[in-house]
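Asks: Next come the chains, spelled out residue by residue.
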Amino acid sequence: MGDFSVNLENLISDLRRIVGDKWVVTQREFMEGYLRDETPDPVRPRAAEGLILVKPSSAEDVAGILKLANANKVPVFPVGGRTGLVGGSVPIKPGIILSLERMNKIEVDRENIMAVAEAGATLGDLIKAADEAGLFFPPHPGDEGAQIGGLIATNAGGSRAVKYGVMRNYIRGLEIVLPTGEILSLGGKLLKNNTGYDLMQLAIGCEGTLCVITKAVIRLFPKSKVMVTLVVPFNTRSDALKTVPEILRSGVMPLAIEYVQIREIEEAAKHLNERWPVQRGFAQLIMILDGASQEEMLLRCEEISEICESNSAMDIMLAETAEEQSRILRIRSNIYTALKPHMIDILDVTVPPSNLEKLMNEVDVIAAKYDVYLPAYGHAGDGNLHVHIMKEGVTDMRMADRIKSEIYKAAVALGGVITGEHGVGSLRIKDLGLVLSEKHIEIMESIKRIFDPNNILNPNKVLP
Amino acid sequence: MNILVLIKQVPEIEKVRFDYEKGRLDRSSAGAIINPFDLNALEAAVQIKEKTGGSVTAISMGPMQAVDALRDALARGADKAILLSDERFAGADTLATAYTLASAIRKLGAFDLIICGEKTIDGDTGQVGPEVAELLGIPHVAYVEEIRQICSDKIVVGARMERNKYIIELRLPGLITVTKDLNNPRLPTLRDKLRAMRAEITVWSYKDLNEEDALQYFGLNGSPTRVIRVYTPAAEKRKSQVLSGTAPEVAQKIVQILRESGVLG
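Protein sequence lines, in the order shown, are assigned to chains Y and G. Just so you know, we're using my numbering here: the first sequence kicks off at 1 and counts up by one. Just so you know, we're using my numbering here: the second sequence kicks off at 1 and counts up by one.
Everything labelled a hint here was simulated from the structure, so no lab data went into it. Among the clues, some could well be false.
[Stated by the list, open to error] Below, in silico cross-link-like pairs of lysine-lysine (BS3-like), each with a Cα-Cα straight-line distance of 27 Å or less: (1) K165(G) - K270(Y); (2) K55(Y) - K237(G); (3) K15(G) - K225(Y); (4) K270(Y) - K180(G); (5) K128(Y) - K15(G); (6) K128(Y) - K239(G); (7) K128(Y) - K237(G); (8) K22(Y) - K253(G); (9) K391(Y) - K409(Y); (10) K15(G) - K223(Y); (11) K237(G) - K22(Y); (12) K22(Y) - K105(Y); (13) K253(G) - K105(Y); (14) K239(G) - K105(Y); (15) K55(Y) - K165(G).
[Stated by the list, open to error] Quick partial rundown of chain G residues pointing at chain Y, CB under 7 Å, derived from the structure: (16) E12; (17) K15; (18) I33; (19) N184; (20) L187; (21) T189; (22) L190; (23) K193.
Here the structure is a predicted model, which means the values were calculated and not measured. Beta carbons: idealized from backbone N, C-alpha and C, even for Gly.
My request is simple: use the sequences and hints to build the entire structure.
Replies: Have a look at this one:
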């Protein structure tokens, strides 16, 4: 049994009554995995002592838990797959960790081309369920162990957002539980809905501060018959990046356009004991395209090829088999894991796509000024850049903070924002003012009070 | 150096479904690709050609759809591709397949080296390569994971057998089968892919092989293998159990459980 405040200790029997004895965990050693997310160690907030882990099986369970917590003013920290990068799900105060992992059912409605998924189902589960129904969930918003609730609560983006958008673009309906215990059903299997203020859009991206998402209606798409991945090496960053808007303008709309540099992508391949298949150029674009037939696909590849060649591409490499394509995506997705042990923080600044090159050049200037290594890569089609602040050359956290601030200011000056996909969580709160006006933050605070009058839900996240 | 690469078109294993009732792969459920080990064979051949000059010919036996695999081989560096396709080749086991391939190789004439993947991901026997070598009367080494040296009349390779690695010098002409550890197959360029889409693929039928009165060696006729039944073991789910007691007691229980389940003897 952990060391709990009296207030919390008194709740244990009620919690057991709601979800069953087995699903209330009070021993610290059985909740270790729930105390952290994927945020790099140097900046990740530490979990509080005195926590209870509760695993409900229904929206009614969640409502019962929240009513109880609200009446006793006990903080509740909803967690999903804990794959976030800004400490959003870390339980930083004594209270309840609410894991929805038991709520993991998915039903696919082929008639409406939508899935109804409970919050605890994983991205991997959703991809599989869609596939088995002959349908397709186009984006790849992060780790496949991420849970639907978390993906929606953080409005996750990922690499395949160019053509069909981020998580928000797929969500048609939500079932949510308010901190005060009411269950609300928002939207539905609808493609149009103009009935009143759209609270569903507020819930999407609320990072677990306004409500607990328990179920979602998610739009799917027909399965692409053919999918290919192109890897295009360039001698310079400039050549690679000026290719991107030209491709987007051409009407050939890839699912993803990723920008990587050879040093980091080779590092990621090495980390996985693999070899990056294209060993040329300083900068590379990775593009994923889908289409109805191989002929159509190759025609579109030819169009892209002409644009790339007019921008001095060294070659255009083509991966067609599922194995080759998933290897490329796997290596790309592991740049973060390869760099993580040497990393202080990962940023996800986002600018208008045409300003991405300027932003990267600014990052180079900042790296030179501080004499540090700031590896950067990102979702070039979305103007979303991951800049890593590495331990190498950074003497203390104040220096890391100054570097981060300069990168943020550079992004904002280019019409951008400090976070395009990871969200605010714990880490970005003090920088909100760089992007949002005082009035904007004031309205956010008012909204938070309306939803959560006792500030029990994921307190001190998103807002101070 | 004149190198031949034997390739097979197989279902894309990451997508293919298994028909549990019929006990076989539902080949219509997925696209077809070059057997992944054969890509390592092709890559090895192309690397040797880049060093020594010469040509790489890809040969496959299969239905007409297998031209797609051969086009892919052309995009990945083969200079020429030959498909062996005939109703009379159908239903072949490894022996009849090897016989057909060996006949085609004889018809082609002189060669220096034949490279195959160690096995295919759908058949998994690893027999065809060595059988082709035996039928042609040339030396062979299987499971090659390293090519140390090659010149006009010999090749020195490292081959893995169980825990041991053997360094073997092989007289040429000869045949090797290669593992995935040998190399990382390159991606084709888009330009080569488009060129390969328009390339001519030579197709040889039974008649083209100049094997008169040899029908009994081809296809089902030439296949002594009989598949009686294919079955899939039922998938076992993870069973969890929480044990309590002192550490020695729990250790004892674990040993007992492992004994009962046959993990420990």
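Asks: I'd like to know which numbered hints this structure contradicts. Please list them from smallest to largest.
Replies: 13, 15
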